Amino acid sequence: MSTIKSSTEHLTLNADGSGKDIKFQANGVEKASISSAGAFTSTSIDATKLSGNLPAIDGSSLTGTGVGVGQTWTVLTASRAVTTNYTNSTGKPIYVGISVYGIDGEYGTLLVDGVVVGAIEATAAYNHSQVSAVVPNSSIYSFTGARINTWSELR
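Here the sequence shown stands for residues 517 to 671, where the numbers follow this note's numbering.
Hints in this document: simulated from the structure, not taken from any laboratory. You may find that some hints are simply not true.
In silico DSS-like cross-links for lysine-lysine, where the CA-CA straight-line distance does not exceed 27 Å [to be verified]:
1) K521 with K536
2) K521 with K539
3) K547 with K521
4) K547 with K536
Okay, the calculated beta carbon distance ranges per label pair [what the hints assert, rightly or not]:
5) W589 with I619: 21 to 31 Å
6) V585 with G630: 22 to 32 Å
7) F556 with T519: 15 to 25 Å
8) R663 with G554: 57 to 67 Å
9) S523 with T557: 19 to 29 Å
10) G554 with G586: 28 to 38 Å
Remember, predicted model here, so these are calculated numbers, not experimental data. Glycine included, each C-beta is placed from N, C-alpha and C at the ideal position.
Modelling step: build the complete structure from the supplied sequences, incorporating the hints.
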């Protein structure tokens with residue numbers, strides 16, 4: 517049984533029972549609710565009516581996420597080859613940077629999940645280039661074309 521209690525300090529609404537929500541209505545139309553887990557949901561909040569100090573934002577739940585957090589650069593040139601597929605199985609996105617050299621007109625592409633995310637073309641005047649991309653977890657990546665000078669990954 518649900519109850520409403522009032523005192524000089526508090527108004528208590530109790531939706532007794534498992535999975536029961538507290539509903540706020542105006543003219544029979546739901547405007548907000550509080551779930552049994554404590555989540556507040558509103559169809560609209562008038563921000564001009566909010567006042568007081570906002571709670572501090574705690575970034576601890578973000579720890580360990582994102583590119584670069586808890587990762588280090590690793591030079592993998594000796595273990596990487598042109599036209600070979602590699603899978604990012606680190607559990608996090610990684611950043612791949614490849615410096616290449618080629619002869620005039622030689623072309624190279626960096627692919628992630630079969631999509632070209634970077635490309636280079638060597639010219640007579642400039643035969644060294646760099647291509648890079650973020651590779652999501654579980655994605656397959658490869659480099660085709662020009663010769664690899666250095667292959668590094670932030671992982």
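Of the hints given before, which are not true for this structure?
Every hint satisfied by this model.
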